[in-house]
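K.L.:
These are the residues of each chain, in order.
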Amino acid sequence: MTFFFEVLINGLLMGIMYSLVALGFALIYKASDVFNMAQGAMSLLAGLALVGFLEMSFPLWLALLCTVGIMIILAYSTVFFVLKPLVNRPPLMLFMATFGIMYLLEGIGQSIWGTDAKGLNIGIPEISFEIRGILMNTFDLTFAGVAALLVASLVWFFQKTRTGRALRAVSDDHEAALSVGIPLLKAWAVTWVIAGIVATVAGVAWGSRLGVQFSLGYIAFKALPVLIIGGIDSIPGAIIAGLIVGAGETLAEVFIGPYVGGGIQTFFPYLIALLVLYFKPYGLFGKEIIERV
Amino acid sequence: MEPAPLLKVNNIEVIYEHVILVLKGVSLDVYEGQIASLLGANGAGKSTTLKAISNLVKAERGEVTKGTVEFDGKRVDRLFAPALVKMGVIQIMEGRHTFEHLTVEDDLLTGAYTRGRDKKGIKEALDRVYGYFPRLKERRSAKTGYISGGEMQMCAIGRGLMAKPRIMLLDEPSMGLAPLLVKEIFEIIVRLNKEENVGMLLAEQNAAMALEYAEYGYVMENGRVVLDGDAETLKNNADVKEFYLGLTEIGKKSYRDVKHYHRRKRWLA
Numbered sequence: 001m002t003f004f005f006e007v008l009i010n011g012l013l014m015g016i017m018y019s020l021v022a023l024g025f026a027l028i029y030k031a032s033d034v035f036n037m038a039q040g041a042m043s044l045l046a047g048l049a050l051v052g053f054l055e056m057s058f059p060l061w062l063a064l065l066c067t068v069g070i071m072i073i074l075a076y077s078t079v080f081f082v083l084k085p086l087v088n089r090p091p092l093m094l095f096m097a098t099f100g101i102m103y104l105l106e107g108i109g110q111s112i113w114g115t116d117a118k119g120l121n122i123g124i125p126e127i128s129f130e131i132r133g134i135l136m137n138t139f140d141l142t143f144a145g146v147a148a149l150l151v152a153s154l155v156w157f158f159q160k161t162r163t164g165r166a167l168r169a170v171s172d173d174h175e176a177a178l179s180v181g182i183p184l185l186k187a188w189a190v191t192w193v194i195a196g197i198v199a200t201v202a203g204v205a206w207g208s209r210l211g212v213q214f215s216l217g218y219i220a221f222k223a224l225p226v227l228i229i230g231g232i233d234s235i236p237g238a239i240i241a242g243l244i245v246g247a248g249e250t251l252a253e254v255f256i257g258p259y260v261g262g263g264i265q266t267f268f269p270y271l272i273a274l275l276v277l278y279f280k281p282y283g284l285f286g287k288e289i290i291e292r293v
Numbered sequence: 001m002e003p004a005p006l007l008k009v010n011n012i013e014v015i016y017e018h019v020i021l022v023l024k025g026v027s028l029d030v031y032e033g034q035i036a037s038l039l040g041a042n043g044a045g046k047s048t049t050l051k052a053i054s055n056l057v058k059a060e061r062g063e064v065t066k067g068t069v070e071f072d073g074k075r076v077d078r079l080f081a082p083a084l085v086k087m088g089v090i091q092i093m094e095g096r097h098t099f100e101h102l103t104v105e106d107d108l109l110t111g112a113y114t115r116g117r118d119k120k121g122i123k124e125a126l127d128r129v130y131g132y133f134p135r136l137k138e139r140r141s142a143k144t145g146y147i148s149g150g151e152m153q154m155c156a157i158g159r160g161l162m163a164k165p166r167i168m169l170l171d172e173p174s175m176g177l178a179p180l181l182v183k184e185i186f187e188i189i190v191r192l193n194k195e196e197n198v199g200m201l202l203a204e205q206n207a208a209m210a211l212e213y214a215e216y217g218y219v220m221e222n223g224r225v226v227l228d229g230d231a232e233t234l235k236n237n238a239d240v241k242e243f244y245l246g247l248t249e250i251g252k253k254s255y256r257d258v259k260h261y262h263r264r265k266r267w268l269a
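Going down the list, the protein sequences come from chains A and B. Under this note's numbering, the first sequence has 86 at position 86, and the numbering climbs by one with no breaks. Under this note's numbering, the second sequence has 81 at position 81, and the numbering climbs by one with no breaks.
Pulled out of the complex, with its shape left as it was, chain A reads as follows (with noise of 0.2 Å):
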């Protein structure tokens, strides 16, 4: 049973470095109805300024305030180039402006701070310990700290602030929000600049374990399963799915992989999705579609 439970809990720790990496997906899809691709990008371009930062001995927290800094400058300059000469296309357009982000990012990204892959340490030590007999490390939990308290503000931000409220209009309907005094891009702005944050979070989360390389980039692909079953535009949904994902691909892989030879890992997550599509179609905590007849 103990080792049920280590299994489990190393799962879930996974999970929610998943889910650090769907929620950036699911606030720019709730703000703008746009599915980032460049979401990966972003925090690959996040741990690579760190990176970049810290080679240049910079002490950690201005290291982290120059990065998130970048980050605010690439959420307002995407606005105002990508999206702004875009408004009121069809979503495909933003879709494939967003596939070009990607590109651009990765190449700036890599022509700055070079292709080698790098490794990240920000001096969270990683010491295992054993609760009541289950093997623990510190670095896992202070992530799932820093996870916590972030999805927690932003639950706050966007149901009790002033400004959420606002966001929550755009994502309904871009038009009314404005016909009601909202600044659609100053919106959109603030949305970016909160998924780059997210981003960065993610990016040295992921670039601290595997080290800051070009497939950071793709991390975001582990992020898909995640955001069909907690549903695509939903900040809860992103963390509990993560947490079903990662649990539920560990505890596969430890207790079905050996019947079946193993590797379920992978794709295990997509079996999850599937199921939870047949059911609901929309994602455990996605926003339905309110059809009036």
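Just to be clear, a hint being listed does not mean it is correct.
Straight-line alpha carbon distances no greater than 20 Å define the calculated EDC-like cross-link-like pairs of lysine to aspartate or glutamate that follow [stated by the list, open to error]:
id, chain 1, residue 1, chain 2, residue 2
1, B, Lys58, B, Glu13
2, B, Lys194, B, Asp29
3, B, Lys143, A, Asp116
4, A, Lys160, B, Glu105
5, B, Lys58, A, Glu288
6, A, Lys84, B, Asp29
7, B, Lys143, A, Asp173
8, B, Lys58, A, Glu175
9, A, Lys186, B, Glu60
10, A, Lys84, B, Glu63
11, A, Lys287, B, Glu105
None of these hints come from the bench; they were simulated from the model.
With chain A's structure known, arrange chain B on it following the hints.
P.N.:
Relative to chain A, chain B alone:
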């Protein structure tokens, strides 16, 4: 001396997507606290006129290419839509456009976005809206996607009221509502006009209703104002009677009689 109009639309032309000329020189005035109505069939340019005033036309890839719009003596046609909301020019869009996943109360509160953090003022405004629309108070925690059409229209008007409007541009408030509800909505519009001193510019296909409640009317056809006058004068105009009120001197008209095409032409020349 006659007072200056609160809203003055001066010979505006609107072009969509750089090629489609929708308004071909529209002029109209709305005075402080007046109810004016804009009548016309589908596609006459009523909505576009309202959107040109509120500047929502830019969000639909349209552009005011000629003429001016003045509000309270200031030129506003180059402004950004939220700036106009702040000045008190509020458009209530056609088809309600409530935020369907927000609760009624949250939806109303978005209307006060431009008022910033004026918590007390916003609370007062919310209570006032609930005073006008007790039904909304009952349904305050329902998502607006699940309330009835009439309630949605109330919500949309109430949301406009949250922004401290000086003039409301109402686009087809009667659309898709039962006659009794239409009457209720129009009566509220008149009350808001009297009690809150909100000027109204009302675009309507339901001409009989609009002329009953408005003081002044403009008749639009094909992107132009073809006729304007006091509501009384318009009601008695033979063309308006025939084309918009469905009345003729000899009672109901047969559709076999195609002569009215020739008469309609007179306006377009």
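K.L.:
Confirm or reject each hint.
P.N.:
Going down the list of hints, with the structure as the test:
no.: 1; hint: B:Lys58 to B:Glu13; result: holds, 13 Å
no.: 2; hint: B:Lys194 to B:Asp29; result: holds, 19 Å
no.: 3; hint: B:Lys143 to A:Asp116; result: violated, 51 Å
no.: 4; hint: A:Lys160 to B:Glu105; result: holds, 13 Å
no.: 5; hint: B:Lys58 to A:Glu288; result: violated, 30 Å
no.: 6; hint: A:Lys84 to B:Asp29; result: violated, 33 Å
no.: 7; hint: B:Lys143 to A:Asp173; result: holds, 14 Å
no.: 8; hint: B:Lys58 to A:Glu175; result: holds, 10 Å
no.: 9; hint: A:Lys186 to B:Glu60; result: holds, 18 Å
no.: 10; hint: A:Lys84 to B:Glu63; result: holds, 16 Å
no.: 11; hint: A:Lys287 to B:Glu105; result: holds, 19 Å
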